[in-house]
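J.: Residue numbers (UniProt numbering), protein chains in the order written: chain L, 1 to 270; chain S, 1 to 271.
Incorrect hints may have been included.
As the list claims (entries may be wrong) - Pulled a few chain S residues facing chain L out of the computed Cβ check, cut under 7 Å:
1. Leu-55
2. Phe-86
3. Pro-95
4. Pro-106
Said to hold, decoys possible - Simulated crosslink set (DSS-like; lysine-lysine; CA at most 30 Å straight-line):
5. S:Lys-79 to L:Lys-95
6. S:Lys-190 to L:Lys-161
7. L:Lys-95 to L:Lys-115
8. L:Lys-161 to S:Lys-79
9. L:Lys-104 to L:Lys-115
10. S:Lys-192 to L:Lys-161
11. S:Lys-190 to S:Lys-79
Calculated directly from the structure, the hints in this document are not laboratory data.
Ideal Cβ placement from N, Cα and C applies to all residues, glycine included.
These are the residues of each chain, in order.
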Amino acid sequence: MSASSRKSLLDRYLVFLTTPLLAAGLIGIWQVYIVVTDISAFLLPAPRNVLDALVQQVSDPYIWQVHVWTTFTETVLGLLIGIVIGVGSGFAIGKSRLLALILKPFLVLTQVTPKVALAPLFVLWFGFGEGSKIALAALVCFFPLMVNTAFGIQSLPQGHKDMARSIGAGRVFGFLRVELPHTMAYILAGLEQAIVLATIGAIVGEYLGGDKGLGRYALNLQNNLQIDLLFGSIVLMAMYGLVLYLAVTSLKRLLIPWHESVRLHTRTFD
Amino acid sequence: MTTISIGHVSKRFGPPGTAPVLGDIELEIPEGQFVALLGSSGCGKTTLLRIVGGLESATSGQVSIGGHPVTGGGADRRKALSDVGFVFQEHNLLPWRSALRNVQLPLAQRRMPARERVEVARQMLELVSLGHAERRLPHELSGGMRQRVAIARALSYDPAVLLMDEPFGALDAQTRDNLNLELQRIWLEKQKTVVFVTHSIQEAVFLADRVVVMQAGPGRVVADVTIDLERPRGVDVMATARFAEYTGVLREALTHGPAADGAHGTNGAVA
Ligand SMILES: Nc1ncnc2c1ncn2[C@@H]1O[C@H](COP(=O)(O)OP(=O)(O)O)[C@@H](O)[C@H]1O
Ligand SMILES: [Mg+2]
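Turn these sequences into a full structure, and let the hints guide you.
T.: This is the structure in structure tokens:
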């Protein structure tokens, strides 16, 4: 085995060693802090109690069937709407310089507005049900999709365009075989951000009203002062976010295995 | 029969009044000829080739290929360009397509059935000695291999005319010599009309039947030299006195211009 391949092997498996060690270290510090300061269990429960709470939650079908499932459908539906609007408008803006110029001030304004500030309005418009959560998820996640798609289209190398013309490609052929695959890498980069934002949108929406979903569940636990379970629910949400993020990363490997971002990740994280 | 006819072509990138990049280019290229377009960097070789290939419009003048005007537009233009293959200075392969699927792209555009497409693309990769690499993505190929795939792609639909813009310019000398030998072999086998842009005198003499020398300010033809060396040419031809004589004439033309266009300046015909 050569030195360089040994090095890349080390790179590849290093995280599997360091991550558990770092996590154990943090939990150790947490435990020591509790023992030393004697902090109230209502502010910071012990790791052991949080683990018990988490085990209880994970084995409770109600949590999965009602809370996780509700948040999941809100996130995915919001994301789908965000994809349709974001990718669609991204293509339009990327293809038309005029449209990009006209819409730019409006888009900057949408970007700088804290979109969760619209949440109360959405509750008013779409009610306390899933509609307002889906709308909020869609609103917060469409922007990176639009920007990335537009940038993808505009960054098509001149050489690709020349090649397409030289083989006699028309508009449709050029779009399907050259522009779209090229832009796919950018759309997926946008999707990586969008899935995280859609989750945030759905959970923030749940904080504002309704009776189902992970956000609502966490809020109830806080009201009931069930702090062990509240911590457990936060871990649950982190896991939930991680699973969705990994789903997008797998999608990238499936759809754009040729792309640098995937190749580099494959080298270091596989 | 003339395949490529370039008549009074001039090109200006700026508004009227700005200096033209190409002056008044006149060139007739008969069918099956291998023409090298030689000139120093910036003299307008790429611009001229792009106009011939329909990638750029001419400010004035006409270009026709096989009797169909490229500079016209519409159906005629499409007809003219359907018979042209372009090999660029950069390989311009699509990074998400394997070598084989890159070669298939123009065939898909021409709506060839999938099975036939794969077969033809395989043959083309064999032709450029890359049969073993058909599944590889561009980033898994060396620079020389990428240019071979680009050549296979341009040849896949069997165009009568091949336009090549310094295709081996970025490669090392050894790889370049190898590819020049292969290009000669392919040309002898396929008998295409080739316009090959280069700034290397050696490469021009080695490959071409005829070397057209350009100079800048504005881009114009200053010499037209017929290379009468037997084919197939091996690398050893570069060590012969005749080869040295040709390179001397061309170097003179490159530096001093029209004055050098003496006894060798036979426009068109190949001995
Ligand atoms: N798209 C363009 N816009 C403006 N100037 C250009 C463009 N393309 C080429 N030129 C100019 O035209 C001249 C000839 O360029 P080019 O044809 O690329 O030369 P060569 O291929 O011989 O090196 C150069 O001075 C270059 O700067
Ligand atoms: Mg050039």
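J.: Now tell me, hint by hint, if it's right for this structure.
T.: Hint by hint, here is what the structure shows:
1. Proximity of Leu-55 of chain S to chain L holds as hinted, the smallest CB-CB distance being about 6 Å (cut-off 7 Å).
2. The criterion of a C-beta within 7 Å of any C-beta in chain L is met by Phe-86 of chain S, whose closest approach is roughly 4 Å, and the hint holds.
3. Interface restraint check: Pro-95 of chain S against chain L, minimum CB-CB distance 5 Å, threshold 7 Å, status holds.
4. Taking 7 Å as the C-beta contact cut-off toward chain L, the hint placing Pro-106 of chain S at the interface holds, the least distance being around 4 Å.
5. Taking the CA atoms of Lys-79 of chain S and Lys-95 of chain L, the gap is about 28 Å. The hint holds against a cut of 30 Å.
6. Proposed proximity of Lys-190 of chain S and Lys-161 of chain L is supported: the alpha carbons are some 27 Å apart, at most 30 Å.
7. Restraint check for Lys-95 of chain L and Lys-115 of chain L: the C-alpha separation of about 26 Å stays at or below 30 Å, so the hint holds.
8. Restraint check for Lys-161 of chain L and Lys-79 of chain S: satisfied, since their Cα atoms lie roughly 20 Å apart, inside the 30 Å limit.
9. About 18 Å separates the Cα atoms of Lys-104 of chain L and Lys-115 of chain L, which keeps this hinted pair within 30 Å; it holds.
10. With a C-alpha separation of about 25 Å, the suggested pair Lys-192 of chain S and Lys-161 of chain L falls inside the 30 Å cut-off, and the hint holds.
11. Distance restraint check for Lys-190 of chain S and Lys-79 of chain S: the Cα-Cα separation of roughly 21 Å lies within the 30 Å cut-off, and the hinted pair is therefore satisfied.
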